[in-house]
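K.L.:
Listed below are the residues making up each chain.
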Amino acid sequence: MQPISRMSWLGVLPWFGFTLLFLIAPMSYLILGAFQSPEGGLTLANMAGLSAPDIAASFWLSIRLSLASALVGTVTGLLLAHAVVLGGLPIWLRRAITAFCGVASNFAGVPLAFAFIATLGRLGLVTVLLKSLGLDLYAMGFSLFSFWGLTLTYLYFQMPLMLLVITPALEGLRPEWREAAESLGADGAQYWLRVGAPVLAPSVLGCFLLLFANAFGTLATIIALTGSNFSVVPILLFQQIRGNVLYNPNLGYALALGMVLIMVVSNLLYLALRARAERWQK
Amino acid sequence: MSQLTLRALNKSFGTNAVVKDFDLTMEDGEFISLLGPSGCGKTTVLRMVAGFEAPSSGAIHIDGNDVTALQARQRQIGMMFQSYALFPNLTVAGNVAFGLKVARLPRAEVDLRVNEMLEMVGLAGLGGRYPYQLSGGQQQRVALARAIAPRPRVLLLDEPLSALDAKIRVSLRGEIRAIQRRLGISTLFVTHDQEEAMAMSDRVVVMAHGRAEQVGRPDQIYNRPATRFVAEFIGALNLLPATVTDPAAGQLDTPVGPVALNRPIARSAGAALHLAIRPEGLHILLNGDVANGPTFTGKVLDRDFLGPIIRLRTEIGPGTAMTVDCFNRDGASLPEPGQTIRLAVDAAAVFPLD
Amino acid sequence: MKRVSLASWLITILAGLYFLVPLYAAFQFSLQMKRDTLSFAAYASVFQSDVFLRAFVFSLVASLAAIMAGAALVVPTAYWVRLRLPKLRPVVEFISLLPLIIPSVVLVFGHIRMFGSSSFLPLTTTDLGTNLLLVAGYVVLSLPYMFRAIDNGMAAIDIGTLTEAAESLGASRARIILGVIFPNIRAAIVSGAFLTFSICLGEFAIASLLNRQTFGPYLVQLGQDRAYEPAALAIMSFGLTWILMALMQAFANRKPGQRLLPFRKGPTR
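As they're listed, the protein sequences go chains A, B and C. The numbers in this note's numbering rise by one with no breaks, and the one at position 64 of the first sequence is 64. The numbers in this note's numbering rise by one with no breaks, and the one at position 44 of the second sequence is 326. The numbers in this note's numbering rise by one with no breaks, and the one at position 104 of the third sequence is 740.
The shape of chain A in the complex, shown without the other chains (with noise of 0.2 Å):
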């Protein structure tokens, strides 16, 4: 090994004074501000402020929001992952899926929102079709525009987001502890409840909150379908940003703040339950 030279800063230099400047001096400007008062002082009122029932409300939406759709997706995307890992598909249609799957994970934003008003919006594909059957969706109370509608627009993303992820662990299942599992006794479901599960929990779990946190930071896709009308906390801050509507900035550094913590942990968890997963991929 050379010598560490003082030179060998040199080469990390730009690296780091580009992530100071965009990156940690914005994220600490953002931290610092929501526990300050907008005199300069010390003050824990801005997160209290989270609390009001406006913004708390918002949380609990996007929260919800969240939730579902990572539910969802999880269940889908883990049928769809098992089908096409273990259901004995034909290996064109595995390529074909997985192919699609990397595109339809990047496939978010508006276009996404355009594609779905073209299918299930009030003039859409599918809400005609159903129509002339005498089936009137928005008659029963289904709107594209409400939570289930938004729901089911993210599952475009959110379940080949799963089956991507989820891959690796269905592939890390090996056919050896099945056919152990037989040798000893044991018929399919036995399998499955002793052995399958128990591996295969931390990675859905962990996948579970990687698509949680990716419905959480989701913009474009709502406010293309909903324009700013769903309060969520992603358009709230953006409306705070826009015009100050919550008339203190302070609470906007909070709002802010209350979002990425909200990441932080959801992040913390996939990447321990990984860890944990990980551990029996031998």
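Worth flagging that the hints you see were computed from the coordinates, not collected in a lab. Just so it is clear, CB atoms sit at the ideal spot from N, CA and C, and this is done for glycine as well. Treat each hint with caution, since some may be false.
To be verified - Estimated spans, in silico, between C-beta atoms of each pair:
no., chain 1, residue 1, chain 2, residue 2, range
1, C, Leu814, A, Arg279, 49 to 55 Å
2, A, Ala272, C, Leu757, 35 to 41 Å
3, B, Ala481, A, Val264, 54 to 60 Å
4, A, Arg279, B, Gly321, 31 to 37 Å
5, C, Leu646, A, Leu129, 37 to 43 Å
To be verified - One-sided and incomplete, this derived list gives chain A residues near chain B with beta-carbon spacing under 8 Å:
no., residue
6, Thr167
7, Glu171
8, Arg174
9, Trp177
10, Leu184
11, Val195
On the provided structure of chain A, position chains B and C as indicated by the hints.
P.N.:
Below, chains B and C alone, put in the same frame as chain A:
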């Protein structure tokens, strides 16, 4: 414990026949190895016995009962895998208890049997560990304990030693054999390692291209190989092309001169064959030694030191090589490369093959 | 076994319907701009719009700038950290992955406050400064993907040994980076670049809050004003994402070597 009979087993994947007309009867408590190169169908035979593959035709009987149509979990077999295949989410004790719990044994009995098994494989006290905390050798011991805990009728071993280090491999194979003898459990062992098969088995089945080439005790397989494949696959071998001149008197002609076996050969005069000679069957004639069998004169090409054995490569005629193994005795003078030596072999150690 | 396979087919078909119907619906809808006849009029209308072209080109330029800036920042750092400063590795990795947990709306919030009119570096007060801030935001957003791609690329070719080999042959530092390291991780950089591109091209929150007329805000505006063009754009965006991912896969899976290493050009007999 049990008798296993395989009758006319065939297995094809698509148009590819991997097992052809395979017959085997395994006696109670016998240890039989399926030995052969990769792709010879040995693992497929084992997997058919286990119930993981269905034979294309033929029947499998355990203790006289036809189990061909039974699922793996109904066959009461125990199995060890090359990759250990321990359940990663269960402790050592949990792994060993798996088959017992599935069979709904009372808890006290499960605990008792688990401890007994762990003691037997030398892992007493490690019941609380997880597989990832164990070495490869320990994991495979757990796999053995897990396989025999439910008292299977037949134990199936699918190359259980090939993922282990050389030293552990040797010590573990001795232990597996000892436990197998103690429990008297009929065992079918798949391996590509001839030394392993020879050392462990009551009988060895040498397989090639989906067929059993020869079934016999290790010494029979080694000393009296039935086919050229078996002879070449097991141990080192010299092959000398020959033509029969007098079958009744055992006379042959070879490129390096006539050879007399002094026993009848079951071929007609003029038949072309090969004479097989193991390197350790040959010995060097010193000045004054009298040979009572075929002899060859050759030039030493090179010399490999293999520890207990020194292997000489000689040329006994134009383009005809002969390998000779000598014991390594300290102080013994060995021929140098380039030197001309005389080799002799006992006629009984020369066997004709196609 | 048979029953499992049947269920698998059923699940796959249902999922396939869910994925394909919206695409079909959008496509179908996009063709209906002219009454009573199917036509590509909506597509033509999109392409004839100056606003679209300006927004798209602006996004294109901003994304390319972000890719180049990102690569220029990450490549030397990843190289140096692997080679000389392994102790810094956890720090660099942590900071690089940090943007994964920071929603872009939060990031741009920090930027606006930090570089506002009363700041020491008032970037948002000028057009050029705001454009720079947009690119900086994109670089931060794509940092995790860029870093992972390049770091994995370097791990795959054992950068330390390669450098020592080049040094033992008398190569200078600059020559090592340009002649040995860069060609060998070019595939990794390109794969990171495509990911960056797909993130930045349709990005909405940062561009919108910085009042930049990029593709993302343009799409949202279009969705409020028009009926058929958004569907056409959804189809085109999907196609574009597909192309980007395919290109990325192609580059990510290509083995470094062969064409890149001159001494392997032909059989040497």
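K.L.:
Failing hints, ascending?
P.N.:
1, 5, 6, 7
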